[in-house]
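Undergrad: So the protein sequences, as listed, match chains B and Z. Reading the first sequence from the start, the letters are residues 1 to 348 in full-length UniProt numbering. Reading the second sequence from the start, the letters are residues 1 to 348 in full-length UniProt numbering.
If you're looking for bench data, these hints aren't it; they were derived computationally from the structure. The structure presented is a predicted model; accordingly, all values stated were derived computationally and were not measured. There's no promise every hint is true.
[To be verified] List of simulated lysine to aspartate or glutamate pairs, EDC-like, C-alpha gap at most 16 Å: (1) Z:Lys48 - B:Glu111; (2) Z:Lys265 - Z:Asp237; (3) B:Lys115 - Z:Glu43; (4) Z:Lys48 - B:Glu138; (5) Z:Lys48 - B:Asp108; (6) Z:Lys88 - B:Asp108; (7) Z:Lys88 - B:Glu111; (8) B:Lys48 - Z:Asp108; (9) B:Lys48 - Z:Glu70; (10) Z:Lys88 - B:Glu70; (11) Z:Lys115 - B:Glu43; (12) B:Lys48 - Z:Asp119; (13) B:Lys88 - B:Asp297; (14) B:Lys88 - Z:Glu43; (15) Z:Lys167 - Z:Asp151; (16) B:Lys88 - Z:Glu70; (17) B:Lys48 - Z:Glu138; (18) B:Lys88 - Z:Asp151.
There are 2 protein chains.
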Amino acid sequence: MKRITIYDVAKEADVSLATVSRVINDSNVVREDTRQRVQEAIEKLGYKPNAIAQGLALSKTTTISIVMSENLFAYNSRILNGLMDVAKIYNYNIMFHTTSKGISRMQDVIESIIKSRVDGVILFNDNFNDEEMEVLKEYQIPMVIVGARLDRKPEGKVGNVYVNFEKLAYDLVNESFDRGIDDITLVEDKLNLSMMNQLRRGIEKAYEEHGKEFKGYIGYDDSYKSSYNFLTDYYKDKKPSRLVITFRDSQAIAVRNAANEAGWKSMEDYEVISILDSKYLAMVRPPINSYILPEYDMGAIAMRLLTKMLVNDPSVQEDREIEIEYSPMIREKDKTGETEKVTFEAVS
Amino acid sequence: MKRITIYDVAKEADVSLATVSRVINDSNVVREDTRQRVQEAIEKLGYKPNAIAQGLALSKTTTISIVMSENLFAYNSRILNGLMDVAKIYNYNIMFHTTSKGISRMQDVIESIIKSRVDGVILFNDNFNDEEMEVLKEYQIPMVIVGARLDRKPEGKVGNVYVNFEKLAYDLVNESFDRGIDDITLVEDKLNLSMMNQLRRGIEKAYEEHGKEFKGYIGYDDSYKSSYNFLTDYYKDKKPSRLVITFRDSQAIAVRNAANEAGWKSMEDYEVISILDSKYLAMVRPPINSYILPEYDMGAIAMRLLTKMLVNDPSVQEDREIEIEYSPMIREKDKTGETEKVTFEAVS
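Chain B extracted, bound-state conformation (with noise of 0.2 Å):
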């Protein structure tokens, strides 16, 4: 079957292109017996109109870019659902640009989004640095930045959809200080720096309040070939803080795995925690708590609030910084030294 194109109705319908256009895009200044006419062309022959064509007659793309970090996928998967859901009910098509080391340079996404003329833009955190976002403000396309707090408060048609992992980390610490454990580790996320640099800020703060200072920041180079190798060495002849943080599932994994295999006991010498949940954590023995971040939530809430930017909604003139609570994950309880086992369940 041949594609069916708007010069077949045209064709079919004895009438010009631009008729077969105003038809579509409903405009009123066609007369009525054309406009039944070339309706019944458009229905004999199954044509669809081609949304582009539409989009630039109503000069109305309804187009969203998401750009997101290639690295980041897995880990984004919820929010990218959030954000899928809205825009399906909003009737967006959704443009996807990834950024990764080497193959697309940020200027090239900048350019094929300003290019493809979107109506909004969804990005991830970690992925524009001051200067490029400049860029982009200039053309004054309504963006969200989702994920974490940005470091300035936006200006101009930029939303902000985030955890305050600032805080967390600060009340994380101060919970820690109250439990009477001040040996606190945290572990270096090469992955997601912007969150690393908001954790380590609230874990210092909470120490400079209470005259301490915190020195306990681990990082590695890259000649490991992962956190677990690293970890592994560097418990063989050191005891884990009593306290070790880290952002992602995979590095709690691999400390609770180095640690394990040093012969250290969970919750009587150390415990670990994630910042970010998963079901992986839940498989591992003993399980390893974390926090709930609504990251489903947190896409569904981003793609709201673009909406809402696009039509010039006044309830978001003023306030575009959403914050999102968080909830701890408790699967390992600590109860005065001693190790409580709690029910816990690998969701499959």
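Got chain B sorted already, so can you dock chain Z onto it with the hints?
TA: Coordinates of chain Z only, in the frame set by chain B:
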């Protein structure tokens, strides 16, 4: 800064919109001095040609739709990386569509693909039924289906980049027979039913050729919140099969945990293998064997195949089925009934 449009350029150069459009689209019917005046206006104003208008003029959008199930996003991230990297090389725009139970009917996705007049489509298997595939085929849009092998040889403009899961399962069972193991279980995976069917066919074929009947398919109903809960009940009074096959990593880990906790010994009482590999399989103790499927390559090859189909490359006129090789990933060895510890590492 106001967004510069083609109207501004036309005004600045004192020419018609059509002339600006012709210059942008490299038409040679424009006089050289006019062309220069338009180019100067474009540079002066910093105008970015609208990719959509450009596409229309060239009757070529260079846009590819990728259709993927929301549930499987995290599992397909490496395939997606391969797709995106090759798409970038060819400067394609990527439209992203997701399917999900309840919220997006497949008809709507098809409708939106057809309306946006994309040049080609990448589908993940398990997304479309035969009837829906027929609809897409009628519109003659080149399509590549990635993941599992199509049950029927692709006709029309359809390509297929796949892992032969039937052969994989057939070989695995034959090797197990050679090791004296014929007590084998396949655990149901409702998210990947077409892969399930292919694995099952391969297993049944191997059994039949040995004059045996395969009875080891474990299905479980949705009332169980997770494979782990189901399997914990299941292994309470039943010994696991000597070889348990699962499709996804989390199911294999659920088998490992449920069997271990019921007191069964890995490699003595049972062994478990996951068809899909993941880093988490290296992180459980003992680590779990799997298959390395070159997923990034699958994505890259699928997009490259589509590229060739788009230009009617003669090399893909006949053969649009590409089988991808896999290799076993042995993390725990079985040596005549004796467990041999091998070196393993947790990648992070």
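Undergrad: Indicate, hint by hint, whether the structure satisfies it.
TA: Verification of the hints:
1. With a C-alpha separation of about 8 Å, the suggested pair Z:Lys48 and B:Glu111 falls inside the 16 Å cut-off, and the hint holds.
2. Proposed proximity of Z:Lys265 and Z:Asp237 is supported: the alpha carbons are some 15 Å apart, at most 16 Å.
3. A threshold of 16 Å between alpha carbons decides the hint, and for B:Lys115 with Z:Glu43 the separation of about 15 Å falls inside it, so the pair holds.
4. The hinted pair formed by Z:Lys48 and B:Glu138 meets the criterion: a straight-line CA distance of about 13 Å does not exceed 16 Å.
5. Distance hint between Z:Lys48 and B:Asp108 is fulfilled; the C-alpha atoms sit about 13 Å from each other, no more than 16 Å.
6. As the CA atoms of Z:Lys88 and B:Asp108 are separated by approximately 10 Å, the hinted pair is consistent with the 16 Å bound.
7. With a CA separation close to 13 Å, the supplied pair Z:Lys88 and B:Glu111 stays within the 16 Å bound.
8. This hinted pair checks out: B:Lys48 and Z:Asp108 have alpha carbons roughly 13 Å apart, not beyond 16 Å.
9. A hinted pair counts as satisfied when its Cα atoms are at most 16 Å apart, and B:Lys48 with Z:Glu70 does not qualify at roughly 26 Å.
10. A threshold of 16 Å between alpha carbons decides the hint, and for Z:Lys88 with B:Glu70 the separation of about 13 Å falls inside it, so the pair holds.
11. For a cut-off of 16 Å, the pair hint linking Z:Lys115 to B:Glu43 stands: about 15 Å separates their Cα positions.
12. Taking the CA atoms of B:Lys48 and Z:Asp119, the gap is about 15 Å. The hint holds against a cut of 16 Å.
13. Using a Cα cut-off of 16 Å, the hinted pair B:Lys88 and B:Asp297 holds, with the two alpha carbons roughly 15 Å apart.
14. For the hint linking B:Lys88 to Z:Glu43, the alpha-carbon distance of about 37 Å lies beyond 16 Å, and the restraint is violated.
15. As the CA atoms of Z:Lys167 and Z:Asp151 are separated by approximately 13 Å, the hinted pair is consistent with the 16 Å bound.
16. At most 16 Å may separate the alpha-carbon atoms for a hinted pair to count; B:Lys88 and Z:Glu70 meet this at roughly 13 Å.
17. Restraint check for B:Lys48 and Z:Glu138: satisfied, since their Cα atoms lie roughly 13 Å apart, inside the 16 Å limit.
18. Restraint check for B:Lys88 and Z:Asp151: the C-alpha separation of about 31 Å exceeds 16 Å, so the hint is violated.
When held up to the earlier numbered hints, the structure conflicts with 9, 14, 18 and fits the remainder.
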